[in-house]
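Engineer: If you're matching them up, the sequences are chains A and B in order. Numbering-wise, our numbering puts 91 at position 90 of the first sequence, and it's gapless, one number per residue. Numbering-wise, our numbering puts 26 at position 15 of the second sequence, and it's gapless, one number per residue.
If you are wondering where the hints come from, they were derived from the structure by calculation, not from laboratory data. Keep in mind that the hints are not guaranteed to be accurate.
List time: in silico DSSO-like cross-link candidates among lysine-lysine, alpha-carbon distance up to 27 Å [claimed, not checked]:
{"#": "1", "chain 1": "A", "residue 1": "K10", "chain 2": "A", "residue 2": "K71"}
{"#": "2", "chain 1": "B", "residue 1": "K111", "chain 2": "A", "residue 2": "K72"}
{"#": "3", "chain 1": "B", "residue 1": "K14", "chain 2": "A", "residue 2": "K10"}
{"#": "4", "chain 1": "A", "residue 1": "K15", "chain 2": "A", "residue 2": "K72"}
{"#": "5", "chain 1": "B", "residue 1": "K80", "chain 2": "A", "residue 2": "K71"}
Spelled out from the first residue to the last, the chains are:
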Amino acid sequence: NAGVTQTPKFRVLKTGQSMTLLCAQDMNHEYMYWYRQDPGMGLRLIHYSVGEGTTAKGEVPDGYNVSRLKKQNFLLGLESAAPSQTSVYFCASSSPWTSLNNEQFFGPGTRLTVL
Amino acid sequence: DAKTTQPPSMDCAEGRAANLPCNHSTISGNEYVYWYRQIHSQGPQYIIHGLKNNETNEMASLIITEDRKSSTLILPHATLRDTAVYYCIVRPGGFHNTDKLIFGTGTRLQVFP
Chain A
2 NAGVTQTPKF RVLKTGQSMT LLCAQDMNHE YMYWYRQDPG MGLRLIHYSV
52 GEGTTAKGEV PDGYNVSRLK KQNFLLGLES AAPSQTSVYF CASSSPWTSL
102 NNEQFFGPGT RLTVL
Chain B
12 DAKTTQPPSM DCAEGRAANL PCNHSTISGN EYVYWYRQIH SQGPQYIIHG
62 LKNNETNEMA SLIITEDRKS STLILPHATL RDTAVYYCIV RPGGFHNTDK
112 LIFGTGTRLQ VFP
């Protein structure tokens with residue numbers, strides 16, 4: 002199993018450009034999450050999804066949109082990138098029904114720089 | 012959500028036990044204590060969790076005080092590969108929980124030879 006994968010690994014954008022980050026998991030997890038991590042900080046939740054076709058806002062949702070059209074994929078979109086969105090983005094997944102520990106499994110991250 | 016307080020950094024000699032403290036004085040009765048770690052910009056990794064009893068797995072031990080207001084993560088024989096940022100997180104357990112993790116700034120553990 003690949004676990005949680007993220008595409009791309011690195012990206013540089015100009016202010017105002019748009020892009021989509023893709024997260025995929027092969028563990029049949031119901032829940033998926035997008036976090037951002039700024040230098041020296043802990044992770045902050047952007048959006049999350051508790052199932053296919055459903056999404057909800059986290060701590061820092063402004064400037065981002067998400068979609069969960071398929072259970073295994075969770076997309077994070079930036080419609081008009083700003084320098085404040087320069088960060089490392091982590092995707093995670095979990096399932097309370099398949100993991101006794103209720104743990105989240107994280108992807109390797111996407112490093113995004115907005116100039 | 013309950014907040015946690017951790018020291019910003021700690022050192023530990025290789026082969027010795029690393030004891031990482033965490034204060035969570037406002038923890039509620041249904042909230043678990045979770046520990047994750049993040050090795051050099053990788054995605055966080057689950058270590059262990061507990062409610063009120065001490066827990067042990069292949070990675071670490073978790074000691075929770077009787078009043079549940081604090082806990083200690085113990086790495087019994089630290090290695091250089093244990094150098095990481097360790098996050099103590101409090102969250103409700105059970106099913107149908109959206110599992111939102113609130114990360115603080117954690118403790119940066121440096122294991123030295």
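Engineer: Going back to the hint list, which numbers does this structure go against?
Structural biologist: Result: hints 3, 4, 5 break, sorted rising.
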